[in-house]
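Asks: Sequence:
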Amino acid sequence: RIAAWSTGYNKKIRVWEVETGRCQALFGHKGIVSDVSWGRHADVLFSFSRDDHCFKCWSRLSDGCFLLSVDLNCFGNELMFRDATIDQSIPCSIKEMLEDMGAKSL
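So for the sequence shown, my numbering puts the first residue at 243; every next one is plus one.
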């Protein structure tokens, strides 16, 4: 079992493995982390920062490296993914936050 925790103001995400107590810090957001949600599979974690308008997709297996980083400011608030699997596994809470920030429907 795994629990995710966003520390918010320090721009980090911490992921704990409940059984082992192992903690992994994920770095990469330039603003306060607003939301953290697991994808359909426990190996993928999604995060969003309202401050820097950045959305990230992390792999629990990648040792702290993000798989995808999207800056809404750079993409004119339009998100498109080549891989429909990534699009379909984005949690509703993250999609809603992105749309609230002005992103077109995913």
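No wet-lab data here; the hints were simulated from the structure.
Computed from a prediction, not measured in an experiment: that's the story for all the values here.
Be a bit skeptical, because a hint or two may be false.
[To be verified] Listed next, with one range per pair, are the computed distances between beta-carbon atoms:
hint, residue 1, residue 2, range
1, T262, R292, 13 to 21 Å
2, E261, D313, 29 to 37 Å
3, R256, D293, 27 to 35 Å
4, G263, R292, 17 to 25 Å
5, S301, I274, 29 to 37 Å
6, R256, S311, 15 to 23 Å
7, L310, W258, 27 to 35 Å
8, G273, C334, 19 to 27 Å
9, L310, A267, 28 to 36 Å
10, I274, C334, 19 to 27 Å
11, R264, D313, 28 to 36 Å
12, D313, R256, 21 to 29 Å
13, V260, D313, 31 to 39 Å
14, E261, D293, 31 to 39 Å
For every residue, glycine included, the Cβ atom is placed at its ideal position computed from N, Cα and C.
Asks: For each hint, tell me whether it holds in the structure or not.
Replies: Outcome of the hint check:
1. Distance hint for T262 and R292: a CB-CB separation of about 32 Å, inconsistent with the stated range 13 to 21 Å.
2. Checking the proposed 29 to 37 Å range against E261 and D313 shows it holds: the Cβ atoms sit about 35 Å from each other.
3. A beta carbon spacing of about 18 Å between R256 and D293 contradicts the range 27 to 35 Å that was offered as a hint.
4. Hint check: G263 to R292, Cβ distance near 31 Å, so the stated range 17 to 25 Å is violated.
5. Range check, S301 to I274: Cβ separation about 23 Å, and the 29 to 37 Å hint is violated.
6. Under the hint 15 to 23 Å, the C-beta atoms of R256 and S311, about 19 Å apart, fit the expected range.
7. The beta-carbon spacing between L310 and W258, approximately 23 Å, falls outside the hinted interval of 27 to 35 Å.
8. In this structure the hint that G273 and C334 lie 19 to 27 Å apart at CB holds, the actual value being about 22 Å.
9. The beta-carbon spacing between L310 and A267, approximately 19 Å, falls outside the hinted interval of 28 to 36 Å.
10. Evaluation of the 19 to 27 Å hint for I274 and C334 yields a pass: the beta carbon distance comes to about 21 Å.
11. Look at R264 against D313: about 30 Å separates their beta carbons, and that is inside 28 to 36 Å.
12. The beta-carbon spacing between D313 and R256, approximately 23 Å, falls within the hinted interval of 21 to 29 Å.
13. Range check, V260 to D313: about 33 Å between beta-carbon atoms, so the 31 to 39 Å window is met.
14. A beta carbon spacing of about 33 Å between E261 and D293 agrees with the range 31 to 39 Å that was offered as a hint.
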